[in-house]
Amino acid sequence: MTRDGYDTTHPLTLPSYRRDDVDAHPPLLSPGYKSTVIRAPHQPLVYLPQRLTEVTGPLLGEGRLGEFDHDLTRQHDGEPQGQRIIVHGRVLDGDGRAVPHTLVEIWQANAAGRYRHILDNWPAPLDPHFTGVGRTLTDERGRYEFITVQPGAYPWRNHDNAWRPAHIHFSLFGRAFTQRLVTQMYFPGDPLFFQDPVLNSVRDEQARQRLIARYDHATTRPEWALAYEFDIVLRGRDETPFEDEDDDE
Amino acid sequence: MSERLGVTPAQTVGPYLHIGLPWPDGPYAVPEGTPGACWIRGQIVDGTGAPVVDALVESWQADPDGRFDHPDDPRGARPSTVPGFRGFARTETDGQGWYGLLTVKPGPLPTPEGETEAPHLTLSVFARGLLHRLVTRVYFPDEATANAADPVLRGVDPDRRDTLLASPAPDGYRFDIRLQGEHETVFFAV
Ligand SMILES: [Fe+2]
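These protein sequence lines map, in sequence, to chains A and F.
Going left to right, the first sequence walks through residues 1 to 249 as full-length UniProt numbering numbers them.
Going left to right, the second sequence walks through residues 1 to 190 as full-length UniProt numbering numbers them.
By construction, these hints were calculated from the structure, which means they are not laboratory data.
If you're wondering where the values come from, they're calculated on a predicted model, not measured in any experiment.
Here a beta-carbon is modelled for each residue, glycine too, at the ideal position from N, C-alpha and C.
Some hints could be false.
Said to hold, decoys possible - Taking CB as the label site, the calculated pair distances span: (1) A:Asp21 - F:Arg160: 22 to 32 Å; (2) F:Gly95 - A:Trp156: 12 to 22 Å; (3) F:Pro83 - A:Val22: 36 to 46 Å; (4) F:Glu32 - A:Asp216: 40 to 50 Å; (5) A:Asn161 - F:Asp72: 44 to 54 Å; (6) A:Thr219 - F:Pro83: 41 to 51 Å; (7) F:Trp23 - A:Gln206: 29 to 39 Å.
Claimed, not checked - Some, not all, of what chain A presents toward chain F, calculated at C-beta under 8 Å: (8) Gln43; (9) Gly94; (10) Asp120; (11) Phe177; (12) Ile232.
As the list claims (entries may be wrong) - Take a look, some chain F residues computed to stay more than 10 Å from chain A by CB distance: (13) Trp98; (14) Asp171; (15) Arg174; (16) Ala189.
The whole structure should be built from the sequences, with the hints applied where relevant.
Structural data, given as structure tokens:
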């Protein structure tokens with residue numbers, strides 16, 4: 001026994017997270033998205049067994065949140081321009097279990113499609129009342145909600161007449177290093193999808209659909225804001241024998 | 001009982017991650033002034049050798065006793081004996097592609113197979129042009145014996161192992177990350 005009472009002779013049984021399907025994520029080299037060509041590694045990834053460092057992870061959030069961090073329309077003295085929207089959903093794992101109390105961070109362009117960033121200087125207006133950054137924690141059922149404005153599309157120089165479809169960047173921790181995810185949420189029916197190499201880097205059509213939020217009329221608030229629902233699925237865990245005993249379907 | 005769901009695909013952080021992700025206390029896995037704390041700094045370069053000035057590095061590690069304050073550690077969650085230890089750092093690269101984080105060296109870790117992992121940090125690298133994070137590990141140059149027995153290092157092509165090894169620096173260690181090409185850093189599938 002060590003001084004804090006754990007038995008070093010007892011075998012260590014770790015949770016194990018299911019590895020993603022080959023087509024679940026974009027290939028790192030996706031030449032349609034030009035900057036992948038000089039940034040994607042040439043060597044194949046090396047298989048890393050999931051051990052203590054990988055099955056644990058930072059459980060952050062409490063104490064990191066300010067009063068208006070989840071409401072991007074109330075972070076300044078006045079309201080930002082644009083269509084007010086509610087973006088909400090659940091953070092789940094691949095087995096449909098809620099991921100509670102996990103930090104969700106977002107950032108986005110303003111209604112005109114411009115980021116409050118020193119390198120974004122295309123001729124669209126900044127909004128003095130919009131920073132474009134939010135964070136919140138999921139509740140005990142894995143739910144989160146942001147209030148913000150509909151981001152605009154913006155041009156970039158990847159290809160001729162290239163425009164990014166409107167999107168919100170999302171960052172999630174989950175409960176283990178293996179679950180860490182950074183992604184983007186898109187809006188349904190955007191006519192710019194066809195020419196966007198970032199969204200289309202996800203080769204599987206069903207997987208791509210999981211990046212597109214659903215217009216949610218039931219949550220839309222009369223005379224106030226449109227709602228979009230966006231569930232986020234992090235990796236699931238392989239069942240341990242102990243959990244199987246409880247699982248009498 | 002449980003339904004199987006497809007995971008949400010990863011997407012790049014894009015060029016404007018700096019408005020959303022950096023935290024004022026991000027680089028500090030331990031508070032400034034922590035006895036024995038060291039800086040781990042390095043430069044990230046792309047396949048043309050150019051510095052990657054719009055990347056974000058995150059680190060995660062055990063404390064110096066090799067423990068985690070996390071419920072899924074089967075040895076039990078244990079708050080660190082190092083006051084203010086977070087074990088996690090987040091640091092964006094500067095105009096020359098350099099990142100830096102302040103931490104204490106982690107302890108060795110037991111594995112389910114009864115082996116011992118040498119002290120290491122696990123890193124995630126995010127950037128424009130990376131559609132998914134890259135994962136690598138930092139090992140320490142002053143742990144030759146432990147490194148030689150480390151099951152992960154032993155599984156890496158010997159010619160590439162040194163890309164996972166930090167080098168000594170005046171206030172800690174240096175760990176450069178080469179995304180692509182000659183001396184490309186070893187990246188892992190987790
Ligand atoms: Fe963006």
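Each hint, compared with the structure:
1. A:Asp21 - F:Arg160: 22 to 32 Å: holds (27 Å)
2. F:Gly95 - A:Trp156: 12 to 22 Å: 21 Å Cβ-Cβ, so the 12 to 22 Å window holds.
3. F:Pro83 - A:Val22: 36 to 46 Å: At 44 Å between Cβs, range holds.
4. F:Glu32 - A:Asp216: 40 to 50 Å: holds (45 Å)
5. A:Asn161 - F:Asp72: 44 to 54 Å: holds (48 Å)
6. A:Thr219 - F:Pro83: 41 to 51 Å: holds (44 Å)
7. F:Trp23 - A:Gln206: 29 to 39 Å: Holds: the Cβ-Cβ distance is about 35 Å, inside 29 to 39 Å.
8. Gln43: Where the cut-off is 8 Å and the nearest Cβ of chain F is about 5 Å from glutamine 43 of chain A, the hint holds.
9. Gly94: With a minimum Cβ separation of about 5 Å from chain F (threshold 8 Å), the hint on glycine 94 of chain A holds.
10. Asp120: Holds, because the Cβ-Cβ distance from aspartate 120 of chain A to chain F comes to roughly 6 Å (cut-off 8 Å).
11. Phe177: holds (5 Å)
12. Ile232: It holds, given that the least Cβ distance between isoleucine 232 of chain A and chain F is near 5 Å, below 8 Å.
13. Trp98: holds (17 Å)
14. Asp171: The claim stands: aspartate 171 of chain F keeps its Cβ more than 10 Å from every Cβ of chain A (closest is about 24 Å).
15. Arg174: holds (20 Å)
16. Ala189: Nearest chain A Cβ is 4 Å from alanine 189 of chain F, so the label is violated.
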